[in-house]
Amino acid sequence: MQDIPKIDESEITPPQMYFNRRRLMRAGGTVVSVAATASLYRALNPTKLVSLDSKPLLPANVPNVTGQSAGATNPDANGTSTTTGDTSTTQSAGSSTDAAASSTPPTPDELRAKGFLVDDSMTPARYIVNYNNFYEFTTSKEGVASAAAGFKTDGWQFKVSGLVNKPQSFTIDQLHALSPLQERVYRMRCVEGWSMVIPWIGIQLSHLLDAVEPQAGARYVAFETLLDPERMPGQLNPILKWPYVEGLRIDEAMHPLTILATGLYRQLLPPQDGAPVRLVVPWKYGFKGIKSIVGITLTAQEPPTSWNLFAPNEYGFYANVNPDVDHPRWSQATEQRIGEVGRRKTLLFNGYDQQVGELYAGMDLRKNY
Amino acid sequence: MNQVQFYRWLVIINCAVPLVLLSWDAWRGQLGANPASDALHVTGMLSLVCLLLSLTITPLRWWTGWGGWISFRRALGVYAFVYAVIHLGIYVVFDRALSLSSTLMEISSRRFLQIGGLSLLLMVPLAVTSTNAMLRKVGAKRWKQLHRLAYVIAILAVMHYYMLVKSDVRQPLVFAGLLTGLLAVRVHRAYAPTRTPQRV
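Order-wise, the sequence lines are chains A and B. Note that the first sequence ends on residue 369 in the numbering used here; no numbers are left out. Note that the second sequence ends on residue 569 in the numbering used here; no numbers are left out.
Don't take every hint at face value.
[Claimed, not checked] List time: in silico PhoX-like cross-link candidates among lysine-lysine, alpha-carbon distance up to 25 Å:
hint, chain 1, residue 1, chain 2, residue 2
1, A, 159, A, 48
2, A, 166, A, 152
3, A, 241, A, 152
4, A, 241, B, 535
5, A, 114, A, 345
6, B, 535, A, 367
7, B, 535, A, 345
8, A, 48, A, 114
9, A, 114, A, 55
[Stated by the list, open to error] Listed next, the stretches of chain B that the computed footprint assigns to chain A, with coverage defined by at least 3 CB atoms under 8 Å from CB atoms of chain A:
hint, region
10, 379–389
11, 398–412
12, 432–443
13, 506–520
14, 544–558
Rather than coming from a laboratory, the hints here were simulated on the basis of the structure. Cβ atoms here follow ideal geometry from the backbone N, Cα and C, with glycine treated the same way.
Can you build the whole structure from these sequences, using the hints too?
In structure tokens form, the structure reads like this:
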């Protein structure tokens, strides 16, 4: 006790002031700690959304599928306030692509019968561009938009080869020149149990395949994503075996519903959604829709597919949407439609049973999941 | 209010901050494209974080020699329970559309849900006996034994997380690593002969 230094009486803080100061310190400490916790939480759970700000995709040349009926249902008007203003003016009239304009445009009923147009309300663009599975950038669905933001696709080419008579490379412009761009309003069902309705712009894959003339022995089509860890930093992590690969049976690839998409909401495909060109197969789970394609190969054998390689018991080659065949770890009976409250029932072949059911006639869908 | 009591209140208030922000975001429709899934993920994560923090209290006491840490543990444990209950509530209301039968069906057929469910179930007796009155009633020794269930609960919770992830298991592995460390220091201490002379 003798060691304690003597403190002069005048230096001792009066009790009143001491308690006041302590109260102040505590209030300050509380505020600071709450602010720190709140900022940490906010940093980990950001609420900022990017908007769809890619260039309009040849607006004058793209027939407006949904606008055909009464001209009132421009997808942009329904969807979102984030799109740029100049997309609402487009109709196919006066376009230079007279191939599409010369024949009478199909009626909405015809489009519905083909599966090219669904009546479910379209998912707002701000959700389509902020909620993505694109592991080449990040495995966080909310993080892909910012992680992919700087992804440059200038001069992009993809090569079509394998069992074809005319193997060749295509630029996006060359792809667009193959046939008039079409708008397709498709359901998109992710294997994780959520879904969207997306107005894609693209061309039928069959038109590309016709151009390269598949040989008789070509029974499958294999697809490959760009492999470039510098531009796609997610590829630095061996979560999947890179590059991402996918495949279709040739009859699936030739089906009119199967498209190569280069845009959505009548704007260029933004990076997070698979720029500049991706596959869309609306009756299959979303992971079949391989993004940022650099290679298409026609083969005689069933090609390997990324998720099947990763977990063969969970992800099959076919990956057809099927409410009766559960993922081993979760049910596929229902889905969360993005933008809706509550879940809706998942439909066989994602509701495209009428169009594609016959492709799988007699096939055991449980076995060929 | 002494200083330790003040610190405890700080912990209690700060653990509620994420819940307030989550509710605020939900109210303003700012939980992103898939709000139910986002809230489910966030509450599960918060429960796991509180759980692991509660398990760091004892090692911190050993290392710092400061007994005050112990007064935060109850708050952390109770918050882990509260966040887990909210987590289950979101699952039942939004994922299962309030259908009890479909909830039970899903739980009965999914291993990761069974493990998560068991983890939450085991938290119930700990939450119930978390008050001073219950501690006295149960008796310190038995209370301590009962609350060792926290180890099992944490292991199950990490397993639950690991099993539901599609392929990128890095985050659950980080939690598994931290938990392994927290359990390892306990095992080490229990078996280090010099530190536990009372054990034969």
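Distance restraint between residue 166 of chain A and residue 152 of chain A, which requires alpha-carbon spacing of 25 Å or less: violated, 28 Å
Verify the proposed pairing of residue 114 of chain A with residue 345 of chain A, using a straight-line Cα cut of 25 Å. Holds: residue 114 of chain A and residue 345 of chain A sit about 22 Å apart, inside 25 Å.
How does the coverage statement for the region 398–412 of chain B fare against chain A, requiring three or more residues with Cβ below 8 Å from a Cβ of that chain? Check passed, 9 qualifying residues.
Checking C-beta pairs, does the region 544–558 of chain B have three or more residues closer than 8 Å to chain A? Check failed, 0 qualifying residues.
Please count how many residues of the region 379–389 of chain B have a CB within 8 Å of a CB from chain A and say whether that reaches 3. holds (count 5)
Against chain A, does the region 506–520 of chain B show at least 3 residues with beta-carbon separation below 8 Å? Violated - the region 506–520 of chain B has 0 residues with a Cβ nearer than 8 Å to chain A, which falls short of three.
Given the hinted pair residue 241 of chain A and residue 535 of chain B, is their alpha-carbon gap at most 25 Å? Status holds; Cα separation ~14 Å.
Pairwise hint evaluation, residue 114 of chain A against residue 48 of chain A, where the allowed Cα distance is 25 Å at most: violated, 38 Å
Hinted pair residue 535 of chain B and residue 345 of chain A, Cα distance within 25 Å: OK: residue 535 of chain B and residue 345 of chain A at ~22 Å, within 25 Å.
Is the hinted pair residue 159 of chain A and residue 48 of chain A satisfied, with a Cα-Cα distance of at most 25 Å? Violated. Residue 159 of chain A to residue 48 of chain A sits at ~37 Å, over the 25 Å cutoff.
Going straight from one Cα to the other, do residue 241 of chain A and residue 152 of chain A come out at no more than 25 Å? holds, 23 Å
Given coverage of the region 432–443 of chain B by chain A, checked by CB-CB distance under 8 Å (3 or more): Not satisfied, violated; 0 residues make the cut.
Hint compliance for this structure: hints 1, 2, 8, 9, 12, 13, 14 are broken, all remaining hints hold.
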